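Hey, can you work out the whole structure from these sequences and the hints?
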Amino acid sequence: MTKEEILQKVVERIKDNEYDHEIETFLKRKEVNPDEFKSIIETARAQVLEERLKSMPKKNLAVFIVLVALIIATIYLFAFYLPNTNVSQNKTFLSILGTAAFCFVSFLAIAYYGTWKPEFLKIRDKPRIDFTLMTLMLIPGVIVYFIFSECFSNGADRILKATQVDAVGTVVDGGVTEVKRVLRSGGASFASITVEFETKEGKTVRATEDISSYQFKDFYLGQQLNIVYSSEDPSNIDLLIDDESIKELKNTQQRDFTPNDLLTLMTTKKENIKATLENISFGWEQKSDAWMNEKNNTAVMITDNEVRLITTFGKAHSYPETLEKMGFKKIETSKEKKADKMEILFGDKLYENDKYYFQIKTLISGGQQMSVVLVNKK
Amino acid sequence: MDWANLRKYHSENLALLQSGFTPIVFMGDSITEFWSNYNSSFFTENGFVNRGISGQTTSQMLLRFRQDVIQLRPSKVVILAGINDIAENTGPISIENIMGNIISMVELAKANHIEVVLCSVLPANKFDWNHKIQPADKVLELNKLIQKFAQENVLNHVDYYSNMVDDNKGLKKIYGDDGVHPNKEGYKIMEQLLLKAIL
Chain A
6 MTKEEILQKV VERIKDNEYD HEIETFLKRK EVNPDEFKSI IETARAQVLE
56 ERLKSMPKKN LAVFIVLVAL IIATIYLFAF YLPNTNVSQN KTFLSILGTA
106 AFCFVSFLAI AYYGTWKPEF LKIRDKPRID FTLMTLMLIP GVIVYFIFSE
156 CFSNGADRIL KATQVDAVGT VVDGGVTEVK RVLRSGGASF ASITVEFETK
206 EGKTVRATED ISSYQFKDFY LGQQLNIVYS SEDPSNIDLL IDDESIKELK
256 NTQQRDFTPN DLLTLMTTKK ENIKATLENI SFGWEQKSDA WMNEKNNTAV
306 MITDNEVRLI TTFGKAHSYP ETLEKMGFKK IETSKEKKAD KMEILFGDKL
356 YENDKYYFQI KTLISGGQQM SVVLVNKK
Chain B
297 MDWANLRKYH SENLALLQSG FTPIVFMGDS ITEFWSNYNS SFFTENGFVN
347 RGISGQTTSQ MLLRFRQDVI QLRPSKVVIL AGINDIAENT GPISIENIMG
397 NIISMVELAK ANHIEVVLCS VLPANKFDWN HKIQPADKVL ELNKLIQKFA
447 QENVLNHVDY YSNMVDDNKG LKKIYGDDGV HPNKEGYKIM EQLLLKAIL
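Just so you know, the protein sequences line up as chains A and B, in that order. Taken in order, the first sequence gives residues 6 to 383; the numbers are from the working numbering. Taken in order, the second sequence gives residues 297 to 495; the numbers are from the working numbering.
FYI, nobody ran anything at the bench for these hints, they're computed from the structure. The structure presented is a predicted model; accordingly, all values stated were derived computationally and were not measured. C-beta atoms are modelled at their ideal positions from N, C-alpha and C, and glycine is treated no differently. Where hints are given, some of them may not hold.
Between beta-carbon pairs, the in silico distance windows are [to be verified]:
id, chain 1, residue 1, chain 2, residue 2, range
1, A, M306, B, S307, 27 to 33 angstroms
2, B, S390, A, S323, 31 to 37 angstroms
3, B, E481, A, Q94, 56 to 62 angstroms
4, B, A493, A, L141, 55 to 61 angstroms
Right, here's the structure in full:
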């Protein structure tokens, strides 16, 4: 072989991504003087680099850009687009699929990063992809899975909030899954219950909802629960069993009444009373002339001149202090037994400003200490 | 009807259990419940959890003792109870039976390896919501039984009464405005006495 032919062979071997020691073995076989190895390889590399620099930087950069675009597309698809469609029943499968796609494309993108630089092209034209290194994506994969899963849950919650319909569901099934401890940190348990309910259209639907394993013991077969379902996807439900879900779904503050709320109710139009009450807490029902909230042990009666709140003692305990801060003055009830039309009993507290009286009574009813707060126009 | 008001702390108990935190639980009535309104940091900074429900008698507390104390797996429970029994909030009850309910709570706690801090009932010589009752001597009588039981059973005992009583066996005006419930100053002295006893 001539020197030129040997050089061409070395060029081909470099193009085949052979390592230097492999090329040196080849040169030894061709009985080339070992002192010339370095210069032959260097010359061949210079030739290869010249050729690669003509096309590969653009090509590798294009591949890298496509891969980055695919990562962005995957994130958009699984974190933004799909979660806002009615796919709540497949959220685990889709989260796994999204994670797999993300990990695969990210792995390729990392492999292609920098492959358009001369330093890389000097050695090889394309990255050597070793798929066993995909295991390095395990930890990011777990994180991405939880992110996608959270996005699907949030998306389902958003859809549910926008398209919610109230219903009463019956508990028909449920269970707790124990995951035995694998790591030293201990095991975990997951619980869910299945409820059956009828949609407004008369269709019977069974849907399963995850709950905390601590809550599980509070449910029993046949139990009736207030739920909401999505009119677009009735399998997307939520249980109205705690303040957090009620706050989230019903746009209510789930808080106690304040003296200001009672003053607001004095001037609220009849048709807006329910909305005003629901803004404070969820679950009001009108029974004759009273609004009742069984869950909160609270009742409100509103007439033209009076608002009467009946609630547990603790909820009105801070009223005297609040009223004084609002500029109301305490009337000494021991000295003045009657203030205008109001009868004051022992232990009642009476406050006034230029427009209103506030009277706070404490009484015991059914073993509960209750407060009755009356607001009267002067 | 949820006579013992098990619903009140239901969600908070679940959240606490999930957190895995080992608290010191305060079991009581309005005097305990309103404590957090006056000084919530006293609870959060010391790992205390308030399970007071206003108006409750010892019979109601005993019913919810499992849910609101035992199931939370606390290291200690601070029991301050009895004033609403004297006010007959759930009907007439003898001092011996009030003490019986308190002893039952203590025994439940001990059986579940929970250290008990037993507090004396705060002084009161009138109730705004039941003026027919003359509570002053009944409070004294109950406190004697509480102290005796605590001594005999080597329990931590916190004597709020002697530190807060006035000449008429009522709550000193500087410690409470309505004669039953402490104000900020009242809770301040209770905090000092309690911390000395339990920490």
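Q. Between S390 (chain B) and S323 (chain A), does the beta-carbon spacing fit 31 to 37 angstroms?
A. holds (34 angstroms)
Q.
Range first: 27 to 33 angstroms. Now tell me if the beta carbons of M306 (chain A) and S307 (chain B) are that far apart.
A. Distance hint for M306 (chain A), S307 (chain B) holds at roughly 28 angstroms.
Q. Per the hint of 55 to 61 angstroms, is the separation of the Cβ atoms of A493 (chain B) and L141 (chain A) within bounds?
A. 56 angstroms Cβ-Cβ, so the 55 to 61 angstroms window holds.
Q | C-beta pair E481 (chain B), Q94 (chain A): status relative to the range 56 to 62 angstroms that was hinted | A | holds (59 angstroms)
Checked against the numbered hints given earlier, this structure breaks none of them.
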